[in-house]
Amino acid sequence: MGTLLETKHLKKYFEVPQGTLHAVDDVSLSIEKGSTLGVVGESGCGKSTLGKLIMKLSQPTSGQILFDGTDIVPLTGKAFRSHRYQIQMIFQDPYATLDPRMSVGQLIAEPLEVSRLVQGKQAIDQRVDELMELVGLAQRLKNSYPHELDGGRRQRIGIARALAVNPQFIVCDEPVSALDVSIQAQVLNLLQDLQRDMGLTYMFITHDMSVVKHISDQIAVMYLGQVVEKCEAKELFANTMHPYSQALLSAIPIPNIHIERKKILLKGELSSPINPKPCCRFAVRCPYATEECFASEPAYREVKPGHFVACHKVGQHNDNNKQ
Amino acid sequence: MAEHKDTPIVEVENLTVHYETDDGIVEAVNNVSFHIDKGEVLGLVGETGAGKTTIALSLMKLLPVPPSHVVSGTVRLDGQDVGVLNEHHMRRLRGSTVSMIFQDPMTALNPVKYVGDQIAEVILLHDKCSKKDAMLKACEMMKTVGITPERYKEYPHQFSGGMKQRIVIAIALACQPELLIADEPTTALDVTIQAQVLEMMKDLQRERGMAMLMITHDLGIVAEMCDKCAIIYAGEIVEYGTLEHIFDHPLHPYTVGLMESIPSLDKDVERLKPIPGLMIDPTNLPQHCSFCERCARKCARCEQDDPALVEVEPGHWVKCFCAGKEDA
Amino acid sequence: MAKIKTPTPAMVRYAKKHKRPKTYSPTRDAVKRFVRNRNAIVGFIIIMLLLVIAILAGVIAPYEYQAQDYAAAFQGPSGAHLFGTDNYGRDLFSRCLYGARYTLLLALGCVILAFLTGGALGIIAGYFGGTVDTVIMRCMDVLQAIPQVLLAICITSALGNGVPQMLTAIMFSSMPIMSKNCRAAILNVRNADYVEASRAIGVSEGRMILKHMIPNTVGMMVIYVVGLMGASINIMASLSYLGVGLVPPTPEWGLILSEAKGYFTSFPHMVLFPALMILITILAFNMLGDGLRDALDPRLK
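Residue numbers (this note's numbering), protein chains in the order written: chain A, 1 to 323; chain B, 1 to 328; chain C, 1 to 301.
Bear in mind the hints are in silico, worked out from the structure with no lab data behind them.
Treat the hints with caution; some may be incorrect.
Unchecked claim - Here are the simulated lysine-lysine pairs, BS3-like style, with alpha carbons at most 30 Å apart:
id : chain 1 : residue 1 : chain 2 : residue 2
1  : B       : Lys153    : A       : Lys267
2  : A       : Lys142    : C       : Lys211
3  : B       : Lys38     : A       : Lys263
4  : A       : Lys52     : C       : Lys211
5  : B       : Lys202    : A       : Lys267
6  : C       : Lys32     : A       : Lys142
7  : A       : Lys234    : B       : Lys273
8  : A       : Lys263    : B       : Lys61
9  : B       : Lys273    : A       : Lys142
10 : B       : Lys298    : A       : Lys263
11 : B       : Lys267    : A       : Lys304
Said to hold, decoys possible - Not close to chain A: a few residues of chain C, all C-beta gaps over 10 Å, as computed:
id : residue
12 : Phe74
13 : Gly76
14 : Asn87
15 : Leu116
16 : Gly130
17 : Leu167
18 : Ile201
The structure presented is a predicted model; accordingly, all values stated were derived computationally and were not measured.
Each residue gets a CB set at the ideal place from its N, CA and C atoms; glycine is no exception.
Put together the whole structure using the sequences plus the hints.
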């Protein structure tokens with residue numbers, strides 16, 4: 001199992017009236033073939049922008065995106081077309097991301113027609129049937145329109161569209177957050193089945209800790225454009241190191257009345273990373289922040305094999321925080 | 001909290017609400033009965049389209065007519081039948097006896113008025129006091145919800161989502177209501193902000209001994225905030241009981257299904273067990289049990305009759321023929 | 001994975017009792033909503049009637065529109081002259097019928113011109129954005145700042161009265177509105193999530209325009225075009241009334257009104273009937289336009 005996708009010092013800045021918004025700031029991640037990397041964070045942390053950069057829906061300010069060893073950032077035109085179909089995306093809002101004037105059949109056929117992977121009307125039609133079966137959509141829905149279907153089925157259409165071109169890598173941008181819990185579970189199971197059967201690699205972007213824990217092998221926690229902690233999923237929950245990850249974990253309401261947890265309530269609100277000062281971005285809200293945190297930016301370093309954290313205080317505050 | 005049990009703050013009996021639309025009659029709420037005692041927090045849990053918000057709006061008598069239509073049932077707020085009250089009386093009740101906060105704090109505030117004035121306005125409407133007193137009280141309220149009164153003269157757009165929701169809560173609580181209806185109050189907020197807001201709501205509820213109806217789709221929030229819980233499916237209460245009943249031994253297959261659908265943080269589950277099928281079409285409810293199409297435990301009787309909500313143990317009500325029987 | 005289960009007998013019974021509604025495309029849905037809307041249907045029927053009248057004017061009309069009969073001048077409505085006659089003894093009923101042909105045809109001409117110029121500019125501005133957008137939209141702003149009637153008077157005083165001059169005048173005055181509406185419609189679709197989603201599966205720009213943008217804006221465009229029909233008839237009547245539009249004896253409604261204005265106090269029928277025709281037509285177009293808006297874009301209700 002080698003690395004399928006790797007980002008190196010990826011940056012995306014936007015110019016806004018108040019200054020420069022560091023949406024994604026020096027993000028270096030790697031994803032193993034066949035595994036799932038969960039990316040969690042709150043709104044405005046840059047996780048969706050990161051997904052769009054990898055999809056090349058937006059061009060990075062600097063940095064590299066290595067896919068199977070090739071940097072895809074400078075690729076354009078024909079050279080890019082062959083890579084385009086290797087990376088696909090499942091979008092958050094299954095209501096807005098499907099053209100309302102196309103039927104289910106047309107929607108799923110579109111990537112096939114565009115990519116010319118399947119030629120001929122009959123062949124396309126047959127492949128559409130296969131894809132519908134694969135994602136669990138009944139054949140009779142082929143001539144239905146998205147507005148007649150519920151969120152779960154619409155998301156299945158989105159998944160079928162992404163799978164149509166036989167990608168190796170799928171960016172899942174909050175694919176279940178618009179769905180009800182019972183439907184969410186169906187879609188999560190479907191995604192896991194597809195991964196197992198087709199050897200897919202996922203980057204799973206979400207704000208929901210329990211979903212990310214369930215589906216991921218590795219988890220990266222993002223805060224204001226930066227990755228603050230990255231490690232194996234199990235390790236993150238057993239040995240949370242960054243104070244933001246700790247707060248995030250403790251903030252989630254758990255549907256169990258027998259677990260008494262000490263909540264870490266953060267001070268203040270999320271800001272946006274406009275003209276960030278050269279200090280730890282979490283320092284203002286951090287319960288453990290000292291002068292050091294306001295003076296310099298902590299390095300993103302490996303504190304344990306496979307466990308990366310960006311915090312000056314790692315190790316110093318963990319002991320007094322165990323339940 | 002249930003010691004001083006005189007009249008419950010809310011009593012709903014056999015409430016049925018329909019919406020008349022072009023595509024037929026939507027049976028949004030069907031024969032729902034429940035009550036909330038003073039100082040009690042009831043969680044109302046259900047998925048999209050289950051009828052949660054319709055129930056809340058009918059408590060406030062804020063349902064848009066048409067298309068909605070209360071077919072039958074009574075709603076009593078603090079002993080008064082809401083159905084016979086006129087709009088003038090209702091307006092006096094709203095705010096002082098019962099208040100509501102909505103999911104989206106962005107649209108609930110007037111964008112061209114100072115937030116402080118928006119709080120003071122409610123106080124002026126209900127209490128006979130001078131403008132100055134109202135402003136003082138508004139500052140007081142801002143402090144209560146954790147915002148410095150220095151921000152009195154700021155506009156809603158200068159506040160973040162969590163802060164706006166705090167203002168909305170301040171408005172709702174300004175006149176010391178005995179019941180607060182919170183319709184998905186934190187769904188639009190980030191988790192860390194949600195934790196702050198929930199913590200604050202819980203503190204305020206305890207301090208004031210206020211009753212609360214917490215509408216949510218998140219069982220985690222129910223576990224943290226509520227005393228009792230009602231699970232609704234297709235406009236009906238399918239299970240009702242204390243938190244111990246619902247979380248420790250849920251009996252209705254839908255409740256069990258919901259619990260198993262949520263990826264767990266404290267346990268390792270390889271594979272989720274979702275409820276098969278889709279939410280039932282509320283324009284087309286069957287005569288028999290409306291959950292039986294998705295039910296794993298259904299028997300022949302479930303496809304014939306509609307079960308009643310029965311008390312299987314003290315305080316634990318379930319609407320299922322098979323509840324309480326041993327699993328196969 | 002959710003496999004298709006074999007239905008249990010109960011499921012079959014249930015399905016039989018509650019037949020699934022057939023699937024409807026958004027277009028069929030819109031037609032259904034339109035048919036249910038009484039106002040829209042009334043407007044639609046009136047316009048259809050006017051169209052029939054316009055086409056068959058030569059057959060229905062009892063007299064030629066320019067036939068003068070001084071002996072019968074200034075007659076009130078009667079069996080021989082349903083709408084009465086004017087100062088030249090011309091039959092007003094026939095003139096109003098022929099007027100439908102002229103008015104509708106000219107209004108259609110205006111709208112097509114406005115769409116081809118203003119609409120096209122708006123679409124280009126919306127699609128390309130940036131500098132192109134700024135330049136086009138600022139030009140439209142300038143155009144919009146000139147009062148319509150003043151513009152028309154300038155054009156006619158420079159080029160004389162007549163059909164092409166009037167069409168040009170109305171075209172210029174409708175261009176800003178048309179371009180702004182079309183730009184908004186395109187922007188709406190261009191920024192839609194499904195366009196981005198399609199870009200992600202590698203849809204080319206050409207296909208994007210043909211398969212996604214155009215189908216999703218046609219509805220909006222139809223609404224604007226119908227709305228502009230009513231507005232054009234309105235402007236046309238005003239211009240003719242002020243004497244900067246068409247030349248007599250063209251039986252255009254505004255012109256008939258203009259010719260009759262001197263006799264209003266003694267022979268009100270001469271004003272009443274053409275005015276009613278204008279009123280009914282504009283009302284019908286507005287009703288149709290509103291109905292289409294409700295049907296094609298239910299969110300805007």
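Hint check:
1. Annotation: proposed proximity of Lys153 (chain B) to Lys267 (chain A) holds, straight-line Cα distance about 23 Å (limit 30 Å).
2. A distance of roughly 18 Å separates the Cα atoms of Lys142 (chain A) and Lys211 (chain C); the hinted pair therefore holds under the 30 Å criterion.
3. Only pairs whose Cα atoms come within 30 Å are accepted, and Lys38 (chain B) paired with Lys263 (chain A) is accepted, the gap being roughly 28 Å.
4. At most 30 Å may separate the alpha-carbon atoms for a hinted pair to count; Lys52 (chain A) and Lys211 (chain C) meet this at roughly 23 Å.
5. Between Lys202 (chain B) and Lys267 (chain A) the CA atoms are separated by roughly 18 Å; this keeps the pair inside 30 Å, and the hint holds.
6. Of the supplied pair hints, the one linking Lys32 (chain C) and Lys142 (chain A) holds, its CA atoms being roughly 22 Å apart against a limit of 30 Å.
7. As the CA atoms of Lys234 (chain A) and Lys273 (chain B) are separated by approximately 21 Å, the hinted pair is consistent with the 30 Å bound.
8. A hinted pair counts as satisfied when its Cα atoms are at most 30 Å apart, and Lys263 (chain A) with Lys61 (chain B) does not qualify at roughly 37 Å.
9. Under the criterion of a C-alpha separation no larger than 30 Å, the hint pairing Lys273 (chain B) with Lys142 (chain A) is consistent with the structure, at around 27 Å.
10. Proposed proximity of Lys298 (chain B) and Lys263 (chain A) is contradicted: the alpha carbons are some 41 Å apart, above 30 Å.
11. Simply put, Lys267 (chain B) and Lys304 (chain A) have alpha-carbon atoms about 24 Å apart, close enough for the 30 Å limit, and the pair holds.
12. Annotated as non-interface, Phe74 (chain C) keeps its C-beta farther than 10 Å from every C-beta of chain A; the closest such distance is 58 Å.
13. Here Gly76 (chain C) stays apart from chain A, with its beta-carbon at least about 55 Å from theirs, past the 10 Å limit.
14. Under the 10 Å C-beta cut-off, the non-interface status given to Asn87 (chain C) relative to chain A holds; the minimum distance is some 55 Å.
15. With a least CB separation of 24 Å from chain A, Leu116 (chain C) remains clear of the 10 Å interface cut-off, as annotated.
16. The non-interface label for Gly130 (chain C) is consistent with chain A: the shortest C-beta to C-beta separation is roughly 15 Å, beyond 10 Å.
17. The Cβ of Leu167 (chain C) lies farther than 10 Å from every Cβ of chain A, with a closest approach of about 34 Å, so its non-interface assignment holds.
18. With a cut of 10 Å on Cβ distances, Ile201 (chain C) falls inside the contact zone with chain A, its closest approach being about 4 Å.
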